[in-house]
Amino acid sequence: MKERHIPIEEYAELQGYNYKTLPTNKKARTEFLAQQERLIKLLKSKGFVEAALIHGRKRKQLQDQLNDDLALLAD
Numbered sequence: 428m429k430e431r432h433i434p435i436e437e438y439a440e441l442q443g444y445n446y447k448t449l450p451t452n453k454k455a456r457t458e459f460l461a462q463q464e465r466l467i468k469l470l471k472s473k474g475f476v477e478a479a480l481i482h483g484r485k486r487k488q489l490q491d492q493l494n495d496d497l498a499l500l501a502d
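Position one of the sequence shown corresponds to residue 428 (my numbering), numbered consecutively onward.
What the hints contain is simulated information worked out from the structure, not anything from laboratory work. Treat the hints with caution; some may be incorrect.
Derived DSBU-like pairs (lysine-lysine); straight-line CA-CA distance at most 35 Å [stated by the list, open to error]:
1. Lys-485 / Lys-473
2. Lys-471 / Lys-453
3. Lys-485 / Lys-453
Source: prediction; values computed, not measured.
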């Protein structure tokens, strides 16, 4: 399966969140990351390992971007 690049803003939106609120809203950020973790675990448990890996990479990319954005807000 070829992985399609989805910008992190669009990925967050597909999951029901607005990326622009995630750096400033800790509750939304925590819920979003927990939801992603549950999704990845569910995919793995159902045997959809490749899909779980794709979501895991996207979650990591989004988390890295959030950390960068949070660092900028702290400055």
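Consistency of the hints with the structure:
1. Lys-485 / Lys-473: holds, 19 Å
2. Lys-471 / Lys-453: holds, 27 Å
3. Lys-485 / Lys-453: holds, 19 Å
Violation of the numbered hints given earlier is absent; every hint is satisfied by the structure.
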